[in-house]
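Student: Chains A and B, in that order, are what the protein sequence lines are. Just so it is clear: in the first sequence, position 49 is 48 by numbering that gives the first Met the number 0, and no numbers are missing. Just so it is clear: in the second sequence, position 92 is 91 by numbering that gives the first Met the number 0, and no numbers are missing.
It should be emphasised that the hints constitute simulated quantities derived from the structure, not laboratory data. Source: prediction; values computed, not measured. Do not rely on the hints blindly, as some may be mistaken.
[To be verified] Estimated spans, in silico, between C-beta atoms of each pair: (1) A/R54 to B/K172: 48 to 54 Å; (2) A/I24 to B/A176: 41 to 47 Å; (3) A/T53 to B/E192: 34 to 40 Å; (4) A/F13 to B/E208: 33 to 39 Å; (5) B/T36 to A/N31: 35 to 41 Å; (6) B/S175 to A/R54: 41 to 47 Å; (7) A/R74 to B/S175: 31 to 37 Å; (8) A/K39 to B/I224: 40 to 46 Å.
[Claimed, not checked] Derived SDA-like pairs: lysine to any residue, alpha-carbon spacing no greater than 25 Å straight-line: (9) A/K21 to B/A183; (10) A/K1 to B/Y55; (11) A/K9 to B/D154.
Even glycine gets a Cβ: it sits at the ideal position worked out from N, Cα and C.
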Amino acid sequence: MKITVHVMLKPSVFDPQGEAVKKAIHGLGMENVKSARIGKIIELEIEGENDVKTRAKLEEICRDLLSNPVIETYRIE
Amino acid sequence: MKFAVIRFPGSNCDQDCYRVLKDELRQEVRYVWHKDTRLDEDEIIILPGGFSYGDYLRCGAVARFSPIMQAVRQAAERGQLVLGICNGFQILCEAGLLPGALVRNRNLHFICENVFLRAETNQTPFTSAYQQGQVLRVPIAHGEGCFMAEPRVLDALEKNNQIVFRYADASGKISSATNPNGSALNIAGICNEARNVLGMMPHPERACEALLSGADGLGLFQSLIQKP
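Just chain A, with the same shape it has in the complex (with noise of 0.2 Å):
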């Protein structure tokens, strides 16, 4: 089964690249962009039912790698 992660930086977090990429659309004509924000998609490929294990452990892993709880939030797609 294919599954999607989407990692963003929590709202709180300063995004310095978001703010560059900003001002980068603001000059290509588009000042009606408030705010950019850029995050991560990691597409995974799970051999397997998707079961209550298999969730769970998919959970910890969004948890300890593939995003850090400290500045980041998470989604399962």
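Put chain B on the given structure of chain A with help from the hints.
Tutor: Here is chain B on its own, set in the frame of chain A:
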């Protein structure tokens, strides 16, 4: 004293640490490959700088799961001294052995320059040879050195005297102008509550020879050696 310098794939400041300890300070030191699982109880452990695992995903995110880190955690829990420099600091934070996180420098630049640090406390095994408030000139070289933590964590670090180094100017004054990377409270280095684990972004091992831009970093290693 005996030192163990851990090498992860991508570590590149291991040799500078080894050289200072072996050639300058004449201590017993060995390299430990990240896949090893053994650390001795009388070893002072150093996680050197570099780009472990290419900084993939996040700096130190993968290295924290290297086999050796189990032994590093156990050593830290036993009260053994653990020093993380630059990428080593990032690995310690990712591993939860130190609080907070290191993120991208505020101005997005990789900054490679000498900075001034103020030693905020000499009540650690890493800074006992310094005076409190002593100003040191030490190089930094990092793109992700901005220290962040939740307000209550920052409060605790201050209250418990766990902030060990702050970015300052030559006279020891602390301000946003003296902060190269946007770190909260100008934090350049912190220790854990038990004061046996220190993480710092600057490179003391690159400031141990007058010939090579200064020897203000030597005091840190001397503190470790003179430890009773």
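Student: Please go over all the hints and tell whether each is borne out by the structure.
Tutor: Hint check results:
Between A/R54 and B/K172 the CB atoms are about 53 Å apart, so this pair conforms to the stated range of 48 to 54 Å. Between A/I24 and B/A176 the beta carbon distance is about 30 Å. The supplied range of 41 to 47 Å is therefore violated. Distance hint for A/T53 and B/E192: a CB-CB separation of about 37 Å, consistent with the stated range 34 to 40 Å. The hinted range of 33 to 39 Å is satisfied by A/F13 and B/E208, whose Cβ atoms lie roughly 37 Å apart.
Taking 35 to 41 Å as the suggested C-beta distance range, the pair B/T36 and A/N31 does not conform, at roughly 56 Å. Between B/S175 and A/R54 the C-beta distance comes to about 45 Å, which sits within the given range of 41 to 47 Å. Under the hint 31 to 37 Å, the C-beta atoms of A/R74 and B/S175, about 34 Å apart, fit the expected range. A hinted range of 40 to 46 Å holds for the C-beta pair A/K39 and B/I224, which are about 43 Å apart.
Under the criterion of a C-alpha separation no larger than 25 Å, the hint pairing A/K21 with B/A183 is consistent with the structure, at around 24 Å. In summary, the hint linking A/K1 to B/Y55 is supported, as the alpha carbons are separated by about 22 Å, within the 25 Å threshold. The suggested pairing of A/K9 with B/D154 holds, with an alpha-carbon distance near 20 Å, which does not exceed 25 Å.
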